[in-house]
Each structure stands twice: as C-alpha cells, then as structure tokens.
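Asks: Each protein sequence line maps, in turn, to chains B, D, C and Z.
In terms of our numbering, the first sequence opens at residue 23 and continues consecutively.
In terms of our numbering, the second sequence opens at residue 23 and continues consecutively.
In terms of our numbering, the third sequence opens at residue 23 and continues consecutively.
In terms of our numbering, the fourth sequence opens at residue 23 and continues consecutively.
None of these hints come from the bench; they were simulated from the model.
Remember, predicted model here, so these are calculated numbers, not experimental data.
Be careful, since some hints might not be right.
Copies of one chain are not kept apart here, so a pair can be met inside one copy or by any two copies together.
[Said to hold, decoys possible] Derived pair list, reagent style EDC-like, types lysine to aspartate or glutamate, alpha-carbon separation capped at 20 angstroms:
(1) 145 <-> 404
(2) 252 <-> 118
(3) 70 <-> 288
(4) 70 <-> 299
(5) 303 <-> 394
(6) 243 <-> 205
(7) 234 <-> 334
(8) 252 <-> 277
(9) 145 <-> 253
Number of protein chains: 4
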Amino acid sequence: MSNQNPVFIPGPTNIPDRLRLAMQVQTQDHRAPDFVNTLAPVLEGTKKVFGSASGQIITFPASGTGGWEAAVTNTLSPGDTVLVARYGMFSHRWIDLCQRHGLDVRIIECAWGSGAPADQFAKALAADTAHQIRAVLVTHNETATGVRSDISAVRKAMDASDHPAMLFVDCVSSLASMPFAFDDWGVDIAVSGSQKGFMLATGMAILCVSPKALAAIETAKLPRTFFDFKDMMNANASGGFPYTPPLQLIYGMRESLNMLFEEGLDNVYARHTRLAEGVRKATAAWGLDLVAQSPELYSDTVSAIYVPEGFDSNALTDHAFNAYGVSFGVGLGEMNGKAFRIGHLGSLTDVMVLSGLATIEMAMADLNYPIDLGSGVSAAQEYFRSGRTTPMKTAA
Amino acid sequence: MSNQNPVFIPGPTNIPDRLRLAMQVQTQDHRAPDFVNTLAPVLEGTKKVFGSASGQIITFPASGTGGWEAAVTNTLSPGDTVLVARYGMFSHRWIDLCQRHGLDVRIIECAWGSGAPADQFAKALAADTAHQIRAVLVTHNETATGVRSDISAVRKAMDASDHPAMLFVDCVSSLASMPFAFDDWGVDIAVSGSQKGFMLATGMAILCVSPKALAAIETAKLPRTFFDFKDMMNANASGGFPYTPPLQLIYGMRESLNMLFEEGLDNVYARHTRLAEGVRKATAAWGLDLVAQSPELYSDTVSAIYVPEGFDSNALTDHAFNAYGVSFGVGLGEMNGKAFRIGHLGSLTDVMVLSGLATIEMAMADLNYPIDLGSGVSAAQEYFRSGRTTPMKTAA
Amino acid sequence: MSNQNPVFIPGPTNIPDRLRLAMQVQTQDHRAPDFVNTLAPVLEGTKKVFGSASGQIITFPASGTGGWEAAVTNTLSPGDTVLVARYGMFSHRWIDLCQRHGLDVRIIECAWGSGAPADQFAKALAADTAHQIRAVLVTHNETATGVRSDISAVRKAMDASDHPAMLFVDCVSSLASMPFAFDDWGVDIAVSGSQKGFMLATGMAILCVSPKALAAIETAKLPRTFFDFKDMMNANASGGFPYTPPLQLIYGMRESLNMLFEEGLDNVYARHTRLAEGVRKATAAWGLDLVAQSPELYSDTVSAIYVPEGFDSNALTDHAFNAYGVSFGVGLGEMNGKAFRIGHLGSLTDVMVLSGLATIEMAMADLNYPIDLGSGVSAAQEYFRSGRTTPMKTAA
Amino acid sequence: MSNQNPVFIPGPTNIPDRLRLAMQVQTQDHRAPDFVNTLAPVLEGTKKVFGSASGQIITFPASGTGGWEAAVTNTLSPGDTVLVARYGMFSHRWIDLCQRHGLDVRIIECAWGSGAPADQFAKALAADTAHQIRAVLVTHNETATGVRSDISAVRKAMDASDHPAMLFVDCVSSLASMPFAFDDWGVDIAVSGSQKGFMLATGMAILCVSPKALAAIETAKLPRTFFDFKDMMNANASGGFPYTPPLQLIYGMRESLNMLFEEGLDNVYARHTRLAEGVRKATAAWGLDLVAQSPELYSDTVSAIYVPEGFDSNALTDHAFNAYGVSFGVGLGEMNGKAFRIGHLGSLTDVMVLSGLATIEMAMADLNYPIDLGSGVSAAQEYFRSGRTTPMKTAA
C-alpha cells in the first residue's frame with residue numbers, strides 16, 4: 023500500500039498518530055450531550071489560533087474552497103465589487119469563484135512570486151471614493167509560489183483611505199503554522215481548513231468571521247443554504263449542526279488544538295520558521311532560486327523552487343515519487359514545469375525535513391541537475407544544529 | 023468516553039471495524055498514481071448501488087444537504103419552477119433550500135406519515151401544459167416519519183402527461199439499504215451520503231446524475247463553484263479533484279462497496295427488511311402505532327413510532343440515553359414530542375436490533391408506558407427465528 | 023470479516039474503543055525515557071486492583087498459564103509438595119503444570135460446581151505437622167463452572183493450623199471484575215492476565231507477589247529464565263524489561279487502569295454483580311440450572327448453565343454462532359456437552375447482556391429447548407430496571 | 023506524545039500502517055471457525071520464510087527469550103551438554119539461560135565482533151567422540167555487534183565429524199530480513215520473534231523445529247508447560263492454542279507474510295543489503311569503524327559502530343534522542359560506551375535511513391566528533407542512487 027516516508031506536499035500534511043487516533047471515533051448521536059459538550063470548547067480554542075477575541079468561528083464539512091464560497095455568499099450580492107490581486111494559483115481560483123458568483127471583480131495582476139500589492143490596493147481604494155468596493159480579498163500564503171503576504175500592510179492601505187470595505191483573507195496554508203492576527207489586522211473573514219496546520223484529514227472548512235462581516239449577512243443576496251452562516255451559528259449555539267456534523271473531524275480538531283497549545287503557538291511558529299529556513303539554506307547551497315521574489319515574502323510553510331533552465335520540474339517530482347517513494351509539490355499554473363515545491367508544514371521535524379532534502383537531492387542528481395550531492399542536506403544540517411535549545415520531540 | 027452499545031439513530035450509522043480501518047489512511051499525495059487508481063473503480067462501483075448504467079457519479083466533501091444544493095444549482099436558474107410535496111422534515115428542508123435559491127417552488131402539502139403523492143403530482147404535471155416545471159423533487163425515504171415513497175409511481179405520473187421535467191430524488195437514508203433503480207425509475211439526480219447505508223463517517227455527498235441532467239448544466243444559471251459538476255467531472259476524469267479530496271472517505275467508500283458486494287445487494291436489502299419487520303413486530307406487540315400511514319409506506323431503514331397520548335417522546339429518548347446509554351432518534355418537526363424513531367440501517371444484526379428493542383422497552387416501562395415488558399423483544403425474537411436460512415455473520 | 027455483536031465468552035473480553043486506541047502505539051525505544059516513565063505508575067496502579075500495598079507487581083509477555091508457571095518456578099523446587107483442589111478445568115490445568123514440573127501434588131478431588139474446600143484444606147494442613155506443604159493453590163474463579171471460591175476462608179483454614187505454606191491464587195478471570203484483597207486474604211502470589219477484567223488483548227501475565235513469596239526465590243530450584251522474577255524486578259527497577267517489553271500492552275494497561283479508576287473499582291464490581299444477576303434471573307426464568315452449586319459460589323464474571331437432559335450444549339453454542347453470529351463459552355472438560363457458559367465480564371453493559379440473552383434464547387428455541395421465548399430477557403429486563411440510580415454509559 | 027521520526031534501534035522495528043491496521047482486531051472467540059481458518063495458513067507461510075519444507079512452526083505468546091527457553095526445555099535434560107560460542111550479548115544470554123537450566127555448557131570465548139567459530143566448533147565436535155554434546159547453539163545475527171555468522175559453515179563443521187548434535191540457531195534479528203535456509207543448513211531449531219523482520223508488535227516467539235528435534239521431545243526431561251511443544255502442536259492441529267492465543271499478533275502475522283511475499287523475499291533481502299551498505303558507506307565516510315571484524319561478518323540488519331577514542335557512545339545516543347527525537351541502539355555489554363548501533367531492518371526505505379544518518383551526523387557534530395558534517399549522508403546518497411532499478415515504494 024504505502025511506505026512510511028513523509029509527504030512534502032504543502033497539504034494535506036502528515037497526520038500524526040495522536041490525531042489519527044483522535045479521529046477514530048465510533049458513531050455517536052450528534053444530538054446527544056457528549057457531542058454538544060465537545061463542540062463549544064473546540065470553537066473557542068480555534069479562535070485563539072486565529073488571534074481573535076471578537077470573531078465568530080464557523081466550520082463546514084467541506085474543503086477550503088467551500089470556505090471561500092461561504093465567505094462570499096454570506097456577505098455579498100450579485101454585482102457587488104471586490105478587489106483582488108492575482109499572484110498565484112489560489113488567488114486565481116478565488117477570483118474565478120467570485121466571477122462565477124456574478125461579482126464585479128477588480129483584478130490587480132501581479133507577477134507570480136510577488137505578494138499582495140498593498141500600495142496598489144491603497145491606490146485603488148483611494149480612487150474608489152464611492153465605496154463601491156465591498157471587500158478586498160487576499161491570499162495570505164500563496165501555496166503555489168511559496169509567498170506570504172503582509173496582511174497588516176493591506177490593512178494599513180485600507181485604513182489610509184478610510185475605506186469601509188471588508189477584508190477577506192485566505193489562510194488555508196498558513197493558519198496554525200505562521201502567526202495570524204485576525205483582530206489586530208482587522209480581518210473580516212479568514213478562511214482555513216483542517217488538512218494543513220491542523221494536521222487533520224481533509225474535510226472541514228474553518229472560518230473566523232468579524233462582527234462587521236456578520237452584519238453584512240443581512241443584506242447579502244447571493245443564495246446559500248449548505249454554507250449559510252446563520253443556520254450554522256444558530257445550530258452551533260445549541261450544540262448542534264444544521265445537518266449531520268463531521269464528528270471525526272470535530273474530535274480531531276479538539277485534539278489538534280491540544281497539541282498546538284501544548285507545544286505553544288509561538289513554538290509552533292518558530293519550528294516552522296526553522297524548518298523553512300533549513301530548506302532555504304539547502305536551496306541556496308544547490309544554487310537554485312526560490313519563486314518568492316524577496317526574503318520578506320518567504321513562506322514558512324512551503325517553498326517553491328525554480329528548476330534550472332532546460333529542466334522540467336514535473337519530471338523531477340515524478341522521478342522522486344517513482345524512484346524514492348516521496349511526494350513533493352508540483353509546479354502549478356504558471357509554474358508548471360518550472361518549479362517544484364517542498365511543503366514544510368504541520369507535523370514535521372528537522373529529521374523528516376532532512377529526509378526530504380536528501381531525496382530531492384538524489385532525484386536532481388539522477389536527472390543530471392548541476393548540483394553537488396549532499397550540499398543541500400549539509401547546509402540544512404549545519405543550520406538545524408546551530409543554536410538548538412529545545413528538543414525536537416515536542417513537535418508532535 | 024463511550025460504551026459499546028450500538029446507536030439506533032437513523033444515521034450516521036454504526037461504523038463497522040472493517041470500515042474504521044479502511045478510513046485510517048495516512049496522508050498521500052492526491053495527485054499521485056495511488057489515489058488516481060483508487061478513485062475510478064469507486065465511482066464505477068457506486069453506480070451499481072444506484073442501479074444505474076448510464077448515470078454519472080459525482081461526490082463532494084459535504085453532507086447530504088450539500089448534495090441537494092449541488093443538484094439544484096447545477097441544473098436550474100433563478101426563477102425556475104420545481105414541484106415538491108412536503109410530508110416530513112427532510113422534504114421540508116429541501117423546499118427551504120430551493121426557496122432560498124430563488125426558485126419558484128410549487129408545494130403539495132401532505133400529512134406527515136404519508137408519502138409522495140403520485141396522483142397529485144400527475145394532476146399538477148398534466149396541468150402544466152407550458153412545461154414550466156423544470157424538476158420534480160422527491161424524498162425517497164423520509165427519515166423523520168419512516169416513510170418510503172414509491173418513486174416508480176412518481177415516474178409513471180410524469181410519464182402520463184409526457185412531462186419533460188427532471189426527477190430529483192433524495193435517497194440519503196435509503197441508498198445501499200433499500201432497492202434503488204436509478205435507470206428504471208428514470209431518475210435524473212439522486213442524492214445520498216456516506217454516513218447511512220454506506221456505514222462510513224459523515225462527510226461525503228454522493229450523487230448520481232443522468233445524461234439529461236448533465237445537459238441541463240449548460241443553461242443553469244444558479245451560481246456554483248464548490249459544488250460545480252463540471253469541475254468535478256473534469257478533475258475526476260484525470261483521477262483528481264478540483265480541490266483537496268477527502269482521501270479517508272474515498273478509501274472508506276472503496277471498502278464499503280467491497281462489503282456491500284460481498285454480502286450481495288439483494289441480501290443487504292433482505293437483511294434490512296428483516297430487521298425492520300422485527301421492529302414493526304415489536305411495535306405491534308407494544309400496541310403502538312407507526313407514523314407511516316400504511317404498510318406499503320413502511321421504511322426498512324427507520325421506524326417512527328408514536329408514543330401514547332399523554333407521553334412525551336423526548337423524555338423517552340432522553341431517558342434511554344441517560345439511563346441505558348443508548349441513542350434513539352428524536353421526533354423531528356411536527357413529530358417533536360409525539361414520536362421517537364428507531365434507526366435500523368447499516369451495519370446491524372438481529373442481535374443488535376434486539377438490544378435496542380430491549381432498551382427502549384425498559385425505558386418505556388420506567389416511564390410507566392402501558393406496555394408489557396418483554397413483549398416487543400419476544401415478538402421480534404419469534405420473527406427473527408422463523409425461516410432463517412443464512413447466518414447473520416455475513417452482515418458485516 | 024466480523025459483525026459488531028459482542029462476544030459472551032468468559033475472556034478474552036470485548037475490547038472497548040478506548041483501549042483499542044491505547045494499544046495502537048508505534049514502536050518506541052523501550053530503553054528511552056518515554057517508556058521508563060510509563061512503566062512505574064502502571065505497576066503501582068495495578069497493585070491497587072489486587073488490593074495490595076505490600077505486594078510486588080510482576081508482568082510477563084505471556085498468557086495466564088505463563089503466570090502460573092512463573093509462580094511455581096520462582097518459589098518451589100523439584101519434589102516440593104503443594105496442596106490443590108480440583109473442581110474445574112483451570113484448577114485441573116494448574117495441577118497438571120505442577121506435576122510436569124516435578125512437584126508432589128496433593129489433590130483434593132471435588133465435584134465440578136463446588137469451590138475451594140476450606141474445611142478439607144484445614145484438615146490436610148493440620149495433618150501436615152512436618153510442614154511439607156509448601157504452597158496451597160486455589161483458583162479464585164473457576165471459569166469452567168462459573169464458581170467463585172472464598173479465598174478468605176482458605177486463609178482462615180491455613181491460619182487455623184498456623185501453617186507456613188504460601189497461598190497462590192489464580193484470579194485470571196476475576197481480577198478487576200470482582201473484589202480481590204491480596205493483603206487482607208494473605209495471598210502470596212496472585213496470577214492474572216490482560217485479556218479479562220482489564221479488557222485488553224491477550225499477551226500479558228500479571229502477578230502480584232508478597233514479600234514472603236519473594237523470599238522463597240532464594241531457595242527455589244526449579245529452572246527459569248524467561249519467567250525469572252528477579253531479572254524482571256531488577257530490570258523494572260530501572261524502567262526496563264530483561265528482554266523486549268510488550269509496549270502496546272503496557273500502554274493499554276495504563277489506560278485500562280484509568281478506565282477502572284474513573285468508573286471506580288466498587289462501581290466496576292457492582293456492575294459485574296448486576297450483569298451477573300441479570301443472567302441468573304434469565305436462567306431461572308428458563309428453568310435451567312447453574313453448574314455452581316449454591317448462591318455463595320456464583321461467579322459474577324461467568325455463568326455455566328446446564329442444558330436440559332437430552333440436549334447437547336455444543337450444538338447450542340455452535341448454532342448460536344452459526345445462525346446469529348454470537349460466541350458463547352462451550353462446556354469444558356466434564357461439562358463438555360452438558361453446559362454452556364455466558365461470559366459477563368469486562369466492557370459490558372446491561373444492553374449488551376440483553377442482546378446475549380436474547381440470542382441464546384432464540385438459539386434454544388430453534389433447537390426445541392423447553393423454554394419460553396422472551397422469558398429470560400424479560401426477567402433480566404425487569405431486574406436491570408429496578409433500582410437503577412446511575413447511568414450505564416460510564417461503563418466504558 | 024511522540025513525533026513521527028522512525029526508530030533506528032535493531033528492533034522492535036517501525037510498524038508499517040498496514041500491520042498496525044492488521045493488528046487492530048476486536049476480540050473473537052478463538053475456538054470459533056474464523057480463527058481456526060486463520061492459523062493454519064499463517065503457520066504454513068511462516069515456514070517459507072525459514073526456508074523449510076520439513077520443519078514444524080511453533081509459536082508462543084512470548085518474546086524471543088521465551089523461544090530460546092522453549093528450544094532448550096523441549097529437547098534437553100538437566101546435565102545435557104551443549105556447545106556455544108560467546109561473541110556478543112545475545113549469545114551470552116543464551117549461555118546464561120542454559121546454565122540456569124542445569125545444562126553443561128561448553129563455551130568457546132570469542133572476541134566481540136567475531137562470529138561463530140566454525141573451525142573451533144569442528145575441533146570440539148571431533149574431540150567429542152562420545153557424542154556428549156547434544157546441541158550446538160549459534161546466534162545467527164548478533165544484534166549487539168552487528169555480526170552475521172555463517173550457519174552453513176557451522177553445519178559443515180558438524181558434518182565433518184559426523185556429529186549427531188542438534189543445531190539450534192537464534193535468528194531473532196535476521197529472519198525475514200536476511201536469507202535463512204533452515205533445511206539446507208540442517209538447522210534443528212530456529213528461534214525468532216514478531217518484532218523484527220516481521221515488523222509487528224513484540225509478543226510472539228516464532229520457532230521452526232526439525233523432525234529430529236521433535237523426536238528429542240520424547241526424552242527431554244527439562245520441565246515445561248507454557249512452552250511445551252507437544253501441547254502447542256496438538257492444539258494447533260485442531261486450530262487452537264492450549265491457552266488464549268495472541269489473536270492480534272496472529273492476524274498481524276498473516277498480513278506481515280502477505281507483505282513479505284508481495285515484495286518477494288529476495289527483494290526484501292536485497293533491500294536490507296542495500297540499506298545496510300548505505301550505512302556502511304556513511305560509516306566509512308565518517309572514518310569510523312564497525313565492530314564487525316570483517317566484511318563477510320557484516321550484518322544487513324544492524325551496524326554497531328565504534329565511537330572514536332575518548333568519546334562516550336551513550337552520550338551520543340542520549341543526545342540524538344534528546345536533541346533530535348531519534349532513537350539509536352546503545353552499546354550493549356562490552357560495547358557499552360564504546361559503540362552505538364544503527365538498526366536498519368524491517369519497514370525501512372532509503373529515505374528513512376538517510377534521515378537516521380543525517381541525525382546521528384548532526385549529533386556527532388554537536389559533540390565535536392572529528393567528522394565532516396554531511397559526509398556520511400552524501401556517501402549513502404551516492405550509493406543509494408547508483409544502479410537503482412526498482413522503485414522504493416514497494417518497501418512497505
């Protein structure tokens with residue numbers, strides 16, 4: 023069936039044993055007290071991970087894409103204007119979703135590898151004196167390019183012109199791995215999922231919603247039922263769901279929060295930074311370039327790495343899988359064939375990351391890439407060794 | 023945490039060990055061959071359970087409600103007319119969903135406990151000479167009342183006036199437990215889920231779609247992205263999903279199909295009939311009445327049973343849970359307080375059903391119901407004994 | 023593969039989910055701190071279940087039979103005399119083991135269905151003025167006949183003649199289900215296993231050893247290595263095992279103790295008494311007889327029940343398994359064909375026991391036993407209902 | 023609780039998911055047909071792994087040490103002479119066991135790092151013209167030193183003087199990882215366990231016994247019951263065990279055999295050779311020495327590696343565990359403090375081995391070992407790359 027090598031795709035991530043066990047729940051009556059008493063603290067704990075006190079957590083049995091749809095349909099009406107920048111596959115897809123829902127999408131086209139263009143947002147918002155723009159949509163961590171955008175800069179851009187638009191943020195591949203400050207950044211809806219930083223199976227969209235966004239429900243005319251915020255909030259308030267809840271994921275979420283809080287969110291973020299920096303040291307040692315254009319854009323959860331001219335990144339990831347049984351992220355969209363990706367988020371240790379680096383290094387050597395075998399691994403080893411103060415084993 | 027008593031809610035159902043193991047899948051790259059080779063036969067096998075050769079299986083990481091929404095948004099446009107009968111909680115909810123999506127919903131109000139009114143459908147369709155009605159929506163098994171409707175009669179009603187409307191059927195709590203004949207009944211979209219007859223965790227909406235319904239996609243203007251049929255079909259065709267797939271459920275589905283086919287669908291249906299009949303024998307022995315108005319409406323997956331005048335069904339189900347640790351279905355909607363429900367579907371044996379009957383009997387006696395302790399159990403025992411030819415143990 | 027019916031054999035018992043999860047442990051280095059820190063509290067907690075403060079817990083990766091062998095080989099020498107009464111299959115097997123190990127076994131033959139004959143022990147010990155008898159061996163709960171013996175009476179018999187013999191007790195099928203008072207009863211070695219009251223997989227012999235028995239090690243000449251007490255105690259003292267430990271069972275044991283202490287040992291015992299009494303009410307209602315000769319001998323973990331003259335108990339248990347998929351205990355040894363057994367120990371609820379009673383009742387009716395269908399179930403229901411004060415669901 | 027790093031101790035080994043699932047078996051009646059039908063093919067399949075057609079497989083719920091004890095007590099009598107060479111911890115322990123069982127043990131003392139001295143055996147056997155030596159005991163793979171001995175050479179030494187002694191072989195840490203030829207080598211009893219090459223939990227001793235050894239039972243006077251061959255064979259013949267069987271391990275064994283045969287035993291052996299060779303390349307690159315004295319003695323399942331003069335191997339393994347969360351084997355006995363061990367057996371891939379090498383390399387660098395960081399990893403990478411023909415992913 024499968025070997026025991028970790029995956030290095032940027033999600034779904036490796037599920038630690040503790041969470042695999044937590045999700046092995048026999049069927050319970052979701053209308054009975056056991057479940058009811060489980061749900062409330064899960065919602066409360068999740069808020070902390072978003073960095074929110076005032077937000078409302080809303081989850082759906084769906085993927086992150088469903089979360090995007092929920093954000094849009096609960097707060098907007100056909101014809102409403104939204105402002106988005108396209109700088110990768112996932113911002114592209116969110117744009118597509120908005121267009122299909124009949125929104126007027128003002129798109130700022132950016133190079134893949136760049137991040138959210140706060141200055142251009144500022145300009146567009148300032149120009150929108152009629153306040154037609156109802157929401158600004160930002161992908162916090164563009165999984166396709168390994169770029170983390172500066173949400174607080176976007177917030178500042180919005181504040182600069184005192185624009186009343188809502189701020190929607192896709193944090194699917196950043197939440198619970200990199201710091202997120204829902205309240206401080208003035209986010210109105212943040213959308214995440216169970217299968218990345220939470221280290222669970224795929225199947226739960228997880229949103230945090232501000233009071234301002236909740237107020238927008240009243241006027242939002244896009245049709246919705248499955249993804250209806252109000253139905254979910256009302257049902258949740260009495261411990262239930264408007265339909266059958268994903269029991270296994272709710273129990274998994276409870277244990278995921280336990281794990282995150284036991285390690286400490288700051289330690290979780292620091293671990294991700296360290297793992298990412300190890301991968302970047304290796305990349306530099308190989309003489310390869312990141313897709314992310316500059317250090318302040320580097321993601322701590324995924325690195326997209328250009329293959330040298332004349333090489334095909336798909337051949338590389340195929341070979342790594344076929345010859346060594348290890349999955350890496352393929353190049354998506356514009357990056358197809360040009361870049362491969364190393365996911366380094368979730369339940370991962372230095373040791374596991376080194377195995378990924380050793381593997382892709384062998385695969386590159388097999389395909390005659392101009393790299394020195396071992397160079398990336400030893401650069402990462404050197405980095406991981408230095409300044410270590412706490413044991414790895416708290417990682418999972 | 024929990025005891026090992028079975029649940030007798032009409033879903034989610036008791037998950038057999040074999041499927042619990044099948045869903046314990048470590049993360050894989052969903053873009054890699056292992057997953058790709060898994061998906062196709064799962065879709066193919068599922069078609070057999072729907073009784074279809076020409077249909078297209080489409081699944082979403084969602085609940086059955088999501089499946090309803092997918093059915094409607096992919097085939098209809100705002101303002102389109104649909105014809106529905108309301109005879110229980112789930113037909114009610116589907117009506118609500120249609121209304122929220124801006125459809126013109128022609129509702130035939132029926133008594134709870136009755137089934138789909140084929141004759142009234144016939145009349146309404148015959149009167150609709152302009153063919154404004156785009157779809158007829160029917161709940162095959164109304165989980166709230168324990169009523170199974172005759173879909174072939176509805177089809178005949180449609181054929182009688184040669185009406186071109188599509189036929190949408192909710193078979194969430196009937197599929198894989200009671201016979202379903204998608205092709206023979208001329209169904210256009212049938213909607214089910216993973217957590218009932220398939221005995222899996224909640225989280226996957228499962229649809230079968232006819233060529234006629236697929237053709238309707240082209241003109242359907244209701245917005246959709248997460249639930250878009252085309253996106254899913256295109257991605258499935260190359261072995262993938264348009265977003266992260268629910269890996270664990272797909273693998274679970276593969277094993278669920280193995281179990282169903284090993285037992286044999288006809289044996290599965292016969293087992294459900296036998297279990298249901300045992301529950302009905304017990305109900306008669308108690309001197310209680312089913313909500314379902316007549317034998318041809320009796321569901322083989324759930325029985326809704328009226329409590330005697332002056333008793334509160336909620337007190338009964340609460341007591342059964344608190345005193346004996348067993349969950350039964352509460353009375354929903356109009357039946358709230360008036361009826362309790364015994365779910366008898368999925369991975370159940372005679373022996374398990376007897377434990378449920380023994381429990382609710384004790385609970386009724388504790389609350390001074392006018393029943394003879396043991397009467398229901400012995401009636402069911404007598405029935406289960408007679409004419410047994412094959413061993414129970416093949417059940418799961 | 024298997025259905026979800028409980029088993030009603032007197033062990034191994036139904037494993038609750040919580041313990042199945044607890045035993046799902048990936049390999050760890052058994053010489054590393056994680057394991058070391060786990061073992062000590064497990065040993066300490068186990069002592070409480072034996073009712074001992076002064077005893078030493080010693081476990082081996084083996085079955086209960088291995089525990090018997092360890093008891094004998096660590097404390098006795100070839101030719102040593104032991105006193106035993108034979109009143110069932112397990113006392114018989116222990117005798118056989120002693121004989122194979124070259125001991126001089128003085129056997130008091132008793133009727134199957136009787137218990138340890140304290141008066142005859144008293145006589146034999148009083149007559150042994152030379153104190154040749156080194157140990158008295160008693161089976162606390164004779165699993166073959168459903169007889170619980172009075173250990174404190176045996177102790178009194180020993181004290182009456184101030185006899186220095188050690189007292190060895192087999193409590194494999196009683197410990198953690200019925201009260202055990204190692205210290206108060208003056209037991210020197212008690213032998214149990216993981217697969218009965220502890221509700222775990224088979225594979226761990228669990229012993230409690232008195233200081234007096236530990237002192238006997240010094241002179242004991244029977245050869246031993248795998249089962250050597252000293253090696254195990256020395257290794258345990260530094261957190262290890264003298265060979266690879268059964269990691270999964272040690273972690274399982276930790277959680278089993280948690281479960282037992284959360285429910286409360288007294289509640290566990292009371293639950294077993296209630297379940298057993300329910301079975302006995304049913305037996306009486308059927309008009310059948312227990313093998314146990316009198317009420318003070320009734321076991322709370324297993325009931326052996328005579329089939330009527332002219333019936334074959336093997337045909338009954340075979341039929342129950344083949345027709346209904348439920349396992350009951352066969353008649354062992356002298357009881358082969360004459361009696362069947364219902365195990366009612368471990369992770370069981372009233373509800374589960376009722377399913378067992380309903381099943382064997384159907385099986386008896388199928389085979390034309392002269393019983394009233396439903397009579398046993400309703401007798402047990404009536405009993406289970408009365409005087410209930412706490413919910414069942416704490417059972418597991 | 024734990025991270026997801028593999029362990030690199032020489033057993034128990036990393037349990038692959040497939041076997042973790044296979045061992046998750048709910049309690050069954052071990053006297054019922056399901057179990058009976060499972061056991062026979064397991065015993066048959068196990069024979070193939072031993073390389074035997076004529077041997078009898080006998081298993082006990084115990085560790086490998088229990089298997090040694092079973093071998094000795096079933097075939098020998100107090101005072102019998104056995105011939106053994108001591109060249110590591112496990113040969114030492116077997117000697118100790120024989121001595122405790124009152125055997126006359128003729129010991130050939132060898133340097134740790136050497137293997138079974140066929141020439142000295144030949145001399146001793148030739149000198150034993152009275153044929154007092156009843157058995158020659160050999161440790162195939164000495165886990166403490168990483169030495170594999172040549173069993174066929176020992177056989178030749180025995181044949182040279184036509185000596186009738188039996189040949190007992192400890193293959194606990196070699197079977198199912200390195201070739202074993204029970205019949206061709208004329209082995210009489212081979213002893214293994216579940217937790218090494220079979221990749222299962224600890225708890226099952228697995229023996230293969232020749233007709234000649236079975237014949238020796240008749241005269242063997244060492245006491246035994248739990249480990250009695252005859253009891254086990256008789257019970258196995260009718261599908262049972264003489265006491266409660268370790269159900270979970272039997273089912274696990276069934277699946278382990280499936281995995282081994284699917285990969286193909288020759289491929290399993292080749293994989294172990296490749297993994298071991300990778301570790302040896304790394305060792306050479308570090309400039310360190312193996313404890314094994316010469317290449318023909320190199321074990322393919324474990325490498326014992328001397329630390330440089332002035333370093334403490336315990337500090338190294340402690341640091342690797344504490345700083346990086348990875349377990350390596352400590353130096354045992356004479357090697358305590360002088361050598362560490364890398365286990366490379368069971369469910370392992372090139373990729374996993376590289377992570378172990380990267381880790382111990384970092385740990386050595388942290389402790390100022392005179393090695394070049396990355397040197398070992400790149401040597402192994404270079405080796406693993408070359409001549410690869412089949413994908414890794416079949417490994418587990």
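Asks: What label fits residue 234 with residue 334 when the C-alpha limit is 20 angstroms: within, between, both, or neither?
Replies: This pair counts as neither: shortest intra-copy Cα distance 47 angstroms, inter-copy 42 angstroms.
Asks: Treating 20 angstroms as the Cα threshold, decide for residue 145 and residue 404: within, between, both or neither.
Replies: neither (44 angstroms within a copy, 54 angstroms between copies)
Asks: Can you tell me if residue 243 and residue 205 fall within 20 angstroms by alpha carbon in one copy, between copies, both or neither?
Replies: Neither, since 26 angstroms and 37 angstroms both go past 20 angstroms.
Asks: Have a look at residue 70 and residue 288 and pick one of within, between, both or neither, based on CA distance no larger than 20 angstroms.
Replies: within (12 angstroms within a copy, 41 angstroms between copies)
Asks: Go through the copies and call it for residue 303 and residue 394: within, between, both or neither, with a Cα cutoff of 20 angstroms.
Replies: both (14 angstroms within a copy, 18 angstroms between copies)
Asks: Quick one: residue 252 to residue 118, C-alpha cut-off 20 angstroms, is that within a copy, between copies, both, or neither?
Replies: between (25 angstroms within a copy, 14 angstroms between copies)
Asks: Are the CA atoms of residue 145 and residue 253 at most 20 angstroms apart within a copy, between copies, both, or neither?
Replies: neither (38 angstroms within a copy, 35 angstroms between copies)
Asks: Checking residue 70 and residue 299: alpha-carbon separation at most 20 angstroms within a copy, between copies, both or neither?
Replies: neither (26 angstroms within a copy, 49 angstroms between copies)
Asks: Given identical chains, is residue 252 near residue 277, meaning Cα to Cα at most 20 angstroms, within a copy, between copies, both, or neither?
Replies: neither (27 angstroms within a copy, 36 angstroms between copies)
In this structure, the hints that do not hold are numbers 1, 4, 6, 7, 8 and 9, in rising order.
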